[in-house]
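Please construct the entire structure, taking both the sequences and the accompanying hints into account.
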Amino acid sequence: MKILALNEDCFLIQVSDTIDLALTDKIAFLVKQIEMQLGDALVDITPSYSTILVHYNLLKIAPLVVENLLETAVLSTSLNSVFKGQNKVIELPVYYNVSVGWDLPALSEQTGLSIEQIIQLHSDTKYRVCAVGFAPGFAFLAQVPAAINIARHASPRAVVPAGSVAIADAQTAVYPADSPGGWQIIGNCPVKLFDLNNDPITPFAIGDSVKFRSILLDEFLRLGGQIIDEK
Numbered sequence: 085m086k087i088l089a090l091n092e093d094c095f096l097i098q099v100s101d102t103i104d105l106a107l108t109d110k111i112a113f114l115v116k117q118i119e120m121q122l123g124d125a126l127v128d129i130t131p132s133y134s135t136i137l138v139h140y141n142l143l144k145i146a147p148l149v150v151e152n153l154l155e156t157a158v159l160s161t162s163l164n165s166v167f168k169g170q171n172k173v174i175e176l177p178v179y180y181n182v183s184v185g186w187d188l189p190a191l192s193e194q195t196g197l198s199i200e201q202i203i204q205l206h207s208d209t210k211y212r213v214c215a216v217g218f219a220p221g222f223a224f225l226a227q228v229p230a231a232i233n234i235a236r237h238a239s240p241r242a243v244v245p246a247g248s249v250a251i252a253d254a255q256t257a258v259y260p261a262d263s264p265g266g267w268q269i270i271g272n273c274p275v276k277l278f279d280l281n282n283d284p285i286t287p288f289a290i291g292d293s294v295k296f297r298s299i300l301l302d303e304f305l306r307l308g309g310q311i312i313d314e315k
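Take the sequence shown: its position 230, counting from 1, is numbered 314 in the working numbering, and each next residue is one higher.
Some hints here could point you the wrong way.
As the list claims (entries may be wrong) - As a list, the in silico DSS-like pairs of lysine-lysine whose alpha-carbon atoms are at most 27 Å apart: (1) K144 x K116; (2) K144 x K172; (3) K110 x K86; (4) K116 x K295; (5) K276 x K210; (6) K110 x K210; (7) K210 x K295; (8) K172 x K276; (9) K276 x K295; (10) K276 x K315; (11) K315 x K172; (12) K295 x K110; (13) K295 x K172; (14) K116 x K276; (15) K86 x K116; (16) K172 x K116; (17) K144 x K86.
Unchecked claim - Distance ranges between label pairs, derived from CB positions: (18) P147 x S198: 53 to 61 Å; (19) P229 x P147: 38 to 46 Å; (20) R306 x N141: 38 to 46 Å; (21) G196 x P220: 31 to 39 Å; (22) Q194 x D101: 29 to 37 Å.
By construction, these hints were calculated from the structure, which means they are not laboratory data. We put the beta carbon where it would ideally sit given N, CA and C, even for glycine.
And the structure:
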């Protein structure tokens, strides 16, 4: 592992040169070690598939002290390897339907699977949270079954509705807010996944697991879901 200074208040820890889902537990363990080492001097920590970005408060701690603490955390992780904490299993309701899963018909045609088979494959799989980023509350989840492993659109949509459940290659995710996006949309989750009034503001942490539960229209609407026509 390498520790790189990006600027005066950020370090980047490079855990590996390659993306490997086996790294998820090691990164989760290292994140916990860094949080304990830096305490309230930590401003933000952003783990990804193979790196961890550490943003600290210069008014509370000096860069050299941070670097030494990160070296201690890295050493501890190298000795222990796997996070032994209680990672959550998060269940998310999803309405899988062409009215909100705009790409389901095209995916069915590309894969040769029925829409029902695509839904079953996606909802039967338990996914790991491998990174959180792109937008607040956006969790990169892996690994999508090979049969529905579909590349993102060549041209992204200008607006993807909040709650859209989507696939891009071996990853799946839920868009926490309206935003541009090029992933293949297969359904919609009516649960709010980013709220500044909540603690934590998003339910996802690296190493957690996510399971999608297929729901019917009446439950989708009761939970606050909306049918939005593609423009």
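So which hints don't hold here, by number, going up?
-> 2 and 11
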